[in-house]
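Enquirer: Sequence:
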Amino acid sequence: MLSTAVAVLGTAGFVGLLSMAPSDPQTASVAAASQAVEAPQLDPRWYGAAPYVTPMYGNPPDLPRVMRETGQKTFQLAFVLAPKSGGCQPTWDGTTPVSADDGTAAIVDGVRAAGGDVSVSVGGYGGTNLGQTCGTPEATAAAYQQVIDAHQLRAIDFNLEEPEIQQPDAIRNELAAAQILQRNNPGLYVSVTTVASTTGTTPAGQNLLDTAKALNFVPNNYATMPFNGFPDVDSQIASLEAFHGTLMSTFGWDSATAYAHEGVSLMNGRSDAGEYYRQEDMRAVLDYGISRGFSRYTFWSLNRDRQCDQPDNGQTSGTCSSVPQQPWDFTKLTAQFATAAPPAPAPPVAGG
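To convert, note that position 301 of the sequence shown is 307 in my numbering; the numbers rise steadily by one, no gaps.
In case anyone wonders, no lab produced these hints; they're calculated from the structure. Please note: incorrect hints may appear among the correct ones.
[Unchecked claim] DMTMM-like cross-link-like pairs, simulated, lysine to aspartate or glutamate; straight-line CA separation at most 20 Å: (1) Lys90 with Asp216; (2) Lys219 with Glu286; (3) Lys219 with Glu144; (4) Lys338 with Asp49; (5) Lys338 with Glu168; (6) Lys338 with Glu144; (7) Lys90 with Asp107; (8) Lys219 with Asp175; (9) Lys338 with Asp287; (10) Lys219 with Asp260; (11) Lys338 with Glu286.
[As the list claims (entries may be wrong)] Label-pair ranges, simulated between beta-carbon atoms: (12) Ala350 with Asp108: 27 to 37 Å; (13) Thr263 with Pro103: 31 to 41 Å; (14) Gly92 with Thr204: 31 to 41 Å; (15) Asp155 with Pro237: 36 to 46 Å; (16) Gly235 with Asp175: 21 to 31 Å.
Beta carbons: idealized from backbone N, C-alpha and C, even for Gly.
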């Protein structure tokens, strides 16, 4: 999911944005008022409905304001990576050590003061993950534990995609580390976000699932990302249905259990590959996910959930959607997911 920032800006532009102060004065005022607010107790479904946001670049919106205007209570802060200079310490986007970051902590406190909470996403497209540099599951888990402790997290997302997903040893480090975090942080919500294909997932994605099975690791859910290469909503839903079958065959789950461990991570507006996912498309996937009992529905990204100066600007932007919209149209869908009633149980089979 890091792809939008990298594809649009290039590496140099992406790194440059990391050093920019938030342009929204309300965000700056929240940062100034940080007071280490304790995380509230929220229904776990809210953590499955947290849209991604890059808090330190990409013109991040004022999150308490978004909460007031949409009903959204949670956000997925992206991304924690290994340092660009190498090593096994967690940093924001490879540059700012988590241990030295007051800005993100202030944003977290602002959300919690407004009655919401955050999850943190580790990984993302194109970055160097801690599972690639820390060497062992134990060292990887210890690095991620620093992030959990720094922000008193109740939820964490493992965004495992290119290039790490092509490295089986690194994927095993990540999943085994996630399992350690589950054990050491009772009640921690753990999601895994990974690659999609027309058949559900790729061979590398299947290896990820097989590795989780071998470890006996069960996260709250697995979400795939059916964008970039999926021309329409029908192809997205077909991929999700295929992935449902993959979960059943890999883990031996029945249909309801597989759906309850499945999620989707979408891209709002214009994709990196030039497809357009408009409000009605994402609502169709929302309705599908709710009807099947998904436990996660999210998108990349909240920074993009607003109209560009020219609504369809013919390019993919990291700060607007490139489709006509009102502010936060797509975030309103995640809020609907979190508050939707679960599907009715299937009727019993006659004679059963």
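Enquirer: Now tell me if each hint is right for this structure.
Expert: The hints, checked one at a time:
1. Lys90 with Asp216: Since the Cα atoms of Lys90 and Asp216 sit roughly 30 Å apart, the hinted pair is violated (cutoff 20 Å).
2. Lys219 with Glu286: 36 Å, violated
3. Lys219 with Glu144: 19 Å, holds
4. Lys338 with Asp49: 17 Å, holds
5. Lys338 with Glu168: Cα-Cα ~29 Å, so violated.
6. Lys338 with Glu144: 39 Å, violated
7. Lys90 with Asp107: 16 Å, holds
8. Lys219 with Asp175: Holds: Lys219 and Asp175 sit about 15 Å apart, inside 20 Å.
9. Lys338 with Asp287: Within the cut-off at roughly 14 Å; holds.
10. Lys219 with Asp260: OK: Lys219 and Asp260 at ~15 Å, within 20 Å.
11. Lys338 with Glu286: Answer holds: Lys338 to Glu286 is near 12 Å, not above 20 Å.
12. Ala350 with Asp108: 27 to 37 Å: 47 Å, violated
13. Thr263 with Pro103: 31 to 41 Å: 40 Å, holds
14. Gly92 with Thr204: 31 to 41 Å: Holds, since Gly92 and Thr204 (Cβ atoms, about 37 Å apart) stay within the stated range.
15. Asp155 with Pro237: 36 to 46 Å: Holds: the Cβ-Cβ distance is about 43 Å, inside 36 to 46 Å.
16. Gly235 with Asp175: 21 to 31 Å: The hinted range 21 to 31 Å holds for Gly235 and Asp175, with Cβ atoms some 27 Å apart.
Violation of the numbered hints given earlier is confined to hints 1, 2, 5, 6 and 12; the remaining hints are satisfied by the structure.
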